[in-house]
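**Student:** So the sequence lines, in the order shown, correspond to chains A and B. Heads up, the first sequence is in my numbering, so the first residue is 8 and it goes up one at a time. Heads up, the second sequence is in my numbering, so the first residue is 8 and it goes up one at a time.
Errors might be hidden in some of the hints.
Since copy identity is lost for identical chains, a pair holds within one copy or between any two.
Computed cross-link-like contacts, DSS-like style, restricted to lysine-lysine with a CA-CA straight-line distance of at most 25 Å [unchecked claim]:
no.	residue 1	residue 2
1	Lys-367	Lys-128
2	Lys-382	Lys-360
3	Lys-18	Lys-133
4	Lys-133	Lys-176
5	Lys-382	Lys-367
Calculated directly from the structure, the hints in this document are not laboratory data. Please read all numbers here as calculations on a predicted model, not as lab measurements.
Protein chains: 2
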Amino acid sequence: MQNFTFHNPTKIVFGKGQIAAIAQEIPADARVLVTYGAGSIKRNGVYGAVMAALPGRAVGAFGGIEPNPKYETLMRAVEKIRAEGWDYLLAVGGGSVLDGTKFIAAAVPFTGGDPWDIVAKGAEVKSAVPIGAVLTLPATGSESNAFAVISRESCGDKLAFSTPLVFPKFAVLDPEATFSLPPRQVANGVVDAFAHTLEQYLTFPAAAPLQDRFAEGILLTLIEVGPGTLADPTDYEARAAFMWTATLALNGLIGCGVPQDWVTHMIGHEITAMHGLDHAQTLAVVFPAVMDARRGPKRDKLLQYGERVWGIRSGSEDERIDAAIARTREFFSSLGVKTRFSEYGIGADVREKVAERFEKRGWRKLGERGDVGPKEASEILAYSL
Amino acid sequence: MQNFTFHNPTKIVFGKGQIAAIAQEIPADARVLVTYGAGSIKRNGVYGAVMAALPGRAVGAFGGIEPNPKYETLMRAVEKIRAEGWDYLLAVGGGSVLDGTKFIAAAVPFTGGDPWDIVAKGAEVKSAVPIGAVLTLPATGSESNAFAVISRESCGDKLAFSTPLVFPKFAVLDPEATFSLPPRQVANGVVDAFAHTLEQYLTFPAAAPLQDRFAEGILLTLIEVGPGTLADPTDYEARAAFMWTATLALNGLIGCGVPQDWVTHMIGHEITAMHGLDHAQTLAVVFPAVMDARRGPKRDKLLQYGERVWGIRSGSEDERIDAAIARTREFFSSLGVKTRFSEYGIGADVREKVAERFEKRGWRKLGERGDVGPKEASEILAYSL
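Chain A extracted, bound-state conformation:
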């Protein structure tokens, strides 16, 4: 096991009716700016429940944070906060609202020039506005981690940043607040959580048996409850199990002391930036291709994944790996998420385009062994067409 530090200070408040608990979690004298997306929270009652929990408080709102939240949009919030003096952000939404709010939180007090440098150049974040969260879409884990992914329209980039300063202070996870999600977002959420787990698990053995068991437990649970919660969105127990599982898939725990990959995500972000596919749509196409192209370096864990997650115990090693990849594709397909670029009308030129972007960013040492660059990304994408 590698040395590690694990510190996740986010307080999780989970269950039915828990939106009311925000009253205890947000300081009474805070000036609270509620951040949200396209407005579905105003139709499904979540916005009303939030406002009902904060009577007499100083509360404002900033809506319109889009999927793959854009720097341009977020900077409007930054200007509003600087002008009006809001000092607490309450993100009400899914991963995009959360990620966008994290950028806003870091950008408001940023004095080192253009806040885009936080994302593009890793400029140091010295402070951030405190964040609370009411999660409405189980998927990204952003509600209890320190990561955010931000896009910029003007340059077509989609890039990540991380600082412990943007851990939400608390996150309310009420499964009922997610009942009205469209099926596509639920299916995407299952794929996203599955892929987050694979990025931290499907690498090489690292003498971390508990982390392996936990990762396999997450994958098995997603397989167990994913199709059911998609089919019956108001089944409380299935949705609750999915919601908690998606949080644990990326709260830092299963990544403790183990190598991590994240090549699928890096490629996927470029695809979203170029072609506009949903984040999870890119993952469902790229991850099976990574498994196939990287079956050499990932061999031991692919065999373990096949056996423990899918019960594959017979055949040669390559047959078992083929079967594990096939079962992964079938699982994503069963959720209605495509696993080939051709199904989206994207051709073989995606290989070269992604390689060029890797080249431009100087990405030559990605993946758990630091051996994935432009050429390897192109090789991976040969299995994704």
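Given chain A, put chain B in place with the hints provided.
**Tutor:** Frame of chain A; chain B shown alone:
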């Protein structure tokens, strides 16, 4: 799944050489009192590493915290701290040192009378001295939870208390700091972590599939690495896996949203108070008895435990439960921990004595269904003789 709140603010610093990290974790101006046990840390180099990490700091020491830490001993530390003005506690040791230090931390600023009331009467703890930890014995999980169990010699009681104020701020887990542990303590640690997991898992189904998988993952890992780390104490990887697993067994995570039992612990504490058995020795005797006596109310989870943890799939339900209990006893025995009171020379009168203590404490509604009192405790112990 039941509603729950999960908030574990302890920062874990894990791995070789990490004792040096306490320099960054403890405020530079803190007046640090190091608390420890019988002095093994002075022989194995851990005390030296701690002191080497804090050059020029104000550091004192209070040793002699015994297994099953005693109120009488701990109050001497409280008086020392009040007299000398120490304002940060660094617990260096195992669960007893940690639990004792938590009591000290809560007792120092306690103004509501005798601090024993915190334990005996649930008196409110309004503040506590901050605690850091250097763990030398993987077992109790006390390094990242809010619980402590304290004994009082004068009345022969062993009782628990809990407050979020005593969560350690940080805990250093260096597997090498545990290499010199005697085998009995390592074996006890494996049993303790196994029992902690069962208390939160072996109840009744609660639509919490991920918590089940995580609990099973902990049990499987303890079975996988427990005997090896006992046989070869300097095998870093096995010890590291065991150490991290023992922490996760009782940091609050697997207990989120599920019913919990803890009857085995409540009975075990009385046995330790009366007969002086090690904590884990009592658990290894009582837990198989709880499984046997409570096979009705625990039936579904006993079958799941047998199948997923021990691979028991054939036979009638009762045959499978018998097999699961037998495998549990065999596992504890394989670690050198006895599973019958007769092996300790304790006779059948233990049943009545424990029942009397339950009666005295008014414990009539223990266990995951709130249906265990003096009579049921006696019935359980019939299977432990």
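**Student:** Hint by hint, note whether the structure agrees.
**Tutor:** Right, here's what the structure says about each hint:
1. Lys-367 to Lys-128: Answer is within: at 14 Å inside a copy they meet the 25 Å cutoff, but 66 Å across does not.
2. Lys-382 to Lys-360: within (11 Å within a copy, 73 Å between copies)
3. Lys-18 to Lys-133: both (22 Å within a copy, 20 Å between copies)
4. Lys-133 to Lys-176: This pair counts as both: shortest intra-copy Cα distance 17 Å, inter-copy 22 Å.
5. Lys-382 to Lys-367: within (13 Å within a copy, 74 Å between copies)
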